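The whole structure should be built from the sequences, with the hints applied where relevant.
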Amino acid sequence: MSKVDLAQFHKAFYEESLDGLDAMEQALLALDEGAEDPELINVVFRAAHSIKGGAATFGFTDVAAFTHVAENLMDEVRSGRRPMAKAVVELLLRSGDTVRDMLSLSMAGQPAATAESQALLAELSAMVSGHAAAPVVAVAKAAAAAEAIEGWDIAFRPFDYLLKSGNDPARMFRELEALGPLAVTCDASKLPALADMDAESSYLGWTLSLDAGAKRAAVEGVFDWVDGDCDLTVTPRIAAPAPVAEVAAAAAAPVAAAAPRAVRDPAANSESSSVRVGIEKIDTLINLVGELVITQSMLSQFNDGVDASQLEMLRHGLAQLGRHTRELQESVMSIRMLPISTVFNRFPRLVRDLAQKLDKKVVLDMRGETTELDKTVLEKIGDPLVHLVRNAIDHGLEMPDKRVAAGKGDTGTLRLEAFHRGGSIVVEVADNGAGLNREAIVAKAIQRGIITTGEGMSDEAVSDLIFEAGFSTAAATTDLSGRGVGMDVVRRNVMDLGGTVAIRSVQGSGTTFTITLPLTLAIIDGLTAAVGDEIYIVPLVSIIESVQVKPDTVRSVAGGGELFRFRDNWMPIVRLFDVFGCAGQRRAVDEGIVIVVEGEGTRIGLFVDELIGQQQAVVKSLEANYRRVTGISGATILADGSVALIADVTGLVRMQARRKAA
Amino acid sequence: MNQQANSATAAPEEAAQYLTVNLGNEEYGVDILAVREIRGWTPVTRIPQAPGYVLGVLNLRGAIVPVLDLRLRFGLAREEYTATTVTVIVMVNGRQFGVVVDAVSDVVEVAPGDVRPVPDMGTTVDTEYLKGLTSVAERMVLLLDVDRLLQPQDAQMLEAALASSDVKAVA
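For the protein sequence lines, the chains are A and B, in the order given. Here the working numbering runs 27 ahead of the position in the first sequence, where the first position is 1. Here the working numbering runs 133 ahead of the position in the second sequence, where the first position is 1.
It should be emphasised that the hints constitute simulated quantities derived from the structure, not laboratory data. Quantities reported herein were computed from a predicted structural model and do not represent experimental measurements. Backbone N, C-alpha and C define an ideal beta-carbon position, used for all residues, glycine too. Possibly wrong hints are sitting among the right ones.
Selected chain A positions facing chain B (in silico; Cβ < 8 Å) [as the list claims (entries may be wrong)]:
| id | residue |
| --- | --- |
| 1 | Gly611 |
| 2 | Tyr653 |
| 3 | Ala666 |
| 4 | Ala671 |
| 5 | Ile673 |
If the Cβ cut is set under 7 Å, some of the chain A residues that face chain B in the computed set are [claimed, not checked]:
| id | residue |
| --- | --- |
| 6 | Phe607 |
| 7 | Gly608 |
| 8 | Lys647 |
| 9 | Leu649 |
| 10 | Asn652 |
| 11 | Val656 |
| 12 | Gly668 |
The structure is reproduced here in structure tokens:
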């Protein structure tokens, strides 16, 4: 029988385990806050149990052994033998982190057991009370006891329903065989007459003899899944007592055993991202495709031509086709949409740990977790949000005594909220802390040479200063914030996603960061503009405003450039007509419109002939069949089926900067 | 040049089929395996900074496909587009593009032995884009090397453009 390559399931196991760990962490945090729901305890138990089972099946023995002990601790809590004390929660939270590390080590083909995990394992084992968890502790201790074992005698008699639970003794024997030479004797004495036999029941028992000095954990690990579904005795054949010096070597053994198995599959390391899609979304798609097929067959009867009497039917069919196509498009797009809770989920833990570390009291208030966002946007918004949250707790919220002195409650509130507004998603990170300190920011900005004076600057302009590169107001650089990425990186990340960040701060009562993101990167909101005989689309996110320019506000400069006065600033005019070499009539500056756009913090005025309207544009790649064109970020298809190009504002700003430099 | 002769003679034993298209009085053969579809001429959207023979892009069922005029590519005079003007959509190396020709005429079978190297002759066409010539029923058919039509100068141009701009690598 060919061996099934289990490695193909590693990725799925890894992803599922991470999901399980997330669920476990959430439940633990809820328990930490004093929730007394037995279901929460069950969630933690089940997560530990599934990871243990999976890890054992896939040969990640270290992970299995570790989670086994954690599971037993949970079992004690679940059966009421141990209260869910703070210490238990703390230990289990740390265990979750360790399992996560061990899993990623295993997936990378490296030994999962580290000094850290061993130490934590010892802590866990110590906490699990004596005999109640005897087998587990025995496993853990056996691993350290370094018995010189020659082999194992195993008596295995599954209960009659074992096969129905999906377990296959043959698979388990193959696994045992991987540990060493195996002799199997089958006991068919309980086999009933053929007429009485239920084909789905198990009547056989086996006596196995394994000639290998394998560890007890490895041998018993094979039977993990049938634990409780069979009579099982595992007895070692011990040769001579081993010298104590071998302890270290034996402890290292499982590590060595686990490593080659994980290394075998290089594919496990390859980064292929996948999306988990709810079954109801798939069902909707299937329904829609079904409807589409029906419509198609209805329309196909017009293959031979249409007479006047059928016109109504044809019109109806086409309307239906149109509707289904639109619905299908929406459904397909929605597959890429995931709830923002996948990003928010990491914050309860983060906030808890941070607050503990800083001795601050923080309540996290999360809202709108079900708001859906494009997967690519979600993946990139995590880091900026973490930074904002850290900043809010580190610099925003005050110490409890300071809060009380300021007449506020000693517990600060951090609000994390996501919601739809127009065609965008808004994510807000708000704290009710001290707010931005205007004087400190201005002083710092002057010191850094960003501005020369703070006088006459609006609060908004001052707040914006913290987005400047290398700006930090924290007096002392703490371990938490003020290192690595700064607010400038937050802003750049958000802008890369086609979004914006705004700050609203009231001194003494808090700061709110508002991140506005496009729903998806595949569709943009754009302004259609006519240039000569052509049509271009300017993404709405980069537009500040559109103005009609009077000739007397325009100055020509040497080299053919033009500047115009916009809100007390001189701004270069970029004529799309010239940049793109359009066909048609070039207009004078007062016959068109200047669209003021911002890219990489620089504003320029794009001169177009007229604005046609606003529309959503499905972004198509030019590069797929052609190549990149400077100043163009892609193309889209207009309602009449023709192609319109999308202006790349950042690219145009760079072009302008280069021209100025040249 | 030798390379092209080699590739012509090293072609598989079976006869290859070519779609013949007209350009003025000349007839060209396009490997039928590269042809995706033949469509009437429709206006395209011009793209900035494109070489003159690239007319623009068109919407091919949602894909943005560049279209080049074979006459302009070969340095011939531009013709008015008429009812018989067609765009042949070809796929080469996973990329699709359209080639505008005066008309399509026929599908011919050409045995590998019948393909002769292109002599350095007085055609108006740069021999670089030809992989050989053959005769079909007394007519001469120039076999196009479709791979090279939107290549290699364009690839070089692209590299040059990328090198000259300080645009950071596309993530």
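Hint-by-hint comparison with the structure:
A hinted interface residue such as glycine 611 of chain A counts as satisfied when its beta carbon comes closer than 8 Å to some beta carbon of chain B; here the least separation is about 11 Å, so the hint is violated. The interface hint given for tyrosine 653 of chain A is met, as the beta carbon of that residue sits about 4 Å from the closest beta carbon of chain B, less than 8 Å. Residue-level restraint check for alanine 666 of chain A is violated (minimum Cβ-Cβ distance to chain B is 11 Å; threshold 8 Å). Checking alanine 671 of chain A against chain B by beta carbon gives a least distance of about 7 Å; that is within 8 Å, so the hint holds.
Using the Cβ-Cβ criterion of 8 Å, the hint placing isoleucine 673 of chain A at the interface with chain B is not satisfied: the shortest such distance is roughly 11 Å. Contact between phenylalanine 607 of chain A and chain B, as hinted, is supported at the beta carbon level, the nearest pair being about 4 Å apart and thus within 7 Å. Taken as an interface hint, glycine 608 of chain A checks out: its beta carbon lies about 6 Å from the nearest beta carbon of chain B, inside 7 Å. Annotation: interface hint on lysine 647 of chain A holds; nearest CB of chain B at approximately 5 Å, less than 7 Å.
A distance limit of 7 Å between C-beta atoms decides the matter here; for leucine 649 of chain A the minimum to chain B is near 6 Å, and the interface restraint holds. A least Cβ separation of about 5 Å between asparagine 652 of chain A and chain B falls short of the 7 Å threshold, and the interface hint therefore holds. For valine 656 of chain A, the suggested interface contact is upheld, since its CB lies about 6 Å from the closest CB of chain B, less than 7 Å. A cut of 7 Å between beta carbons decides the hint on glycine 668 of chain A: the least distance to chain B is about 6 Å, and the hint holds.
Of the numbered hints listed earlier, those contradicted by the structure are 1, 3 and 5.
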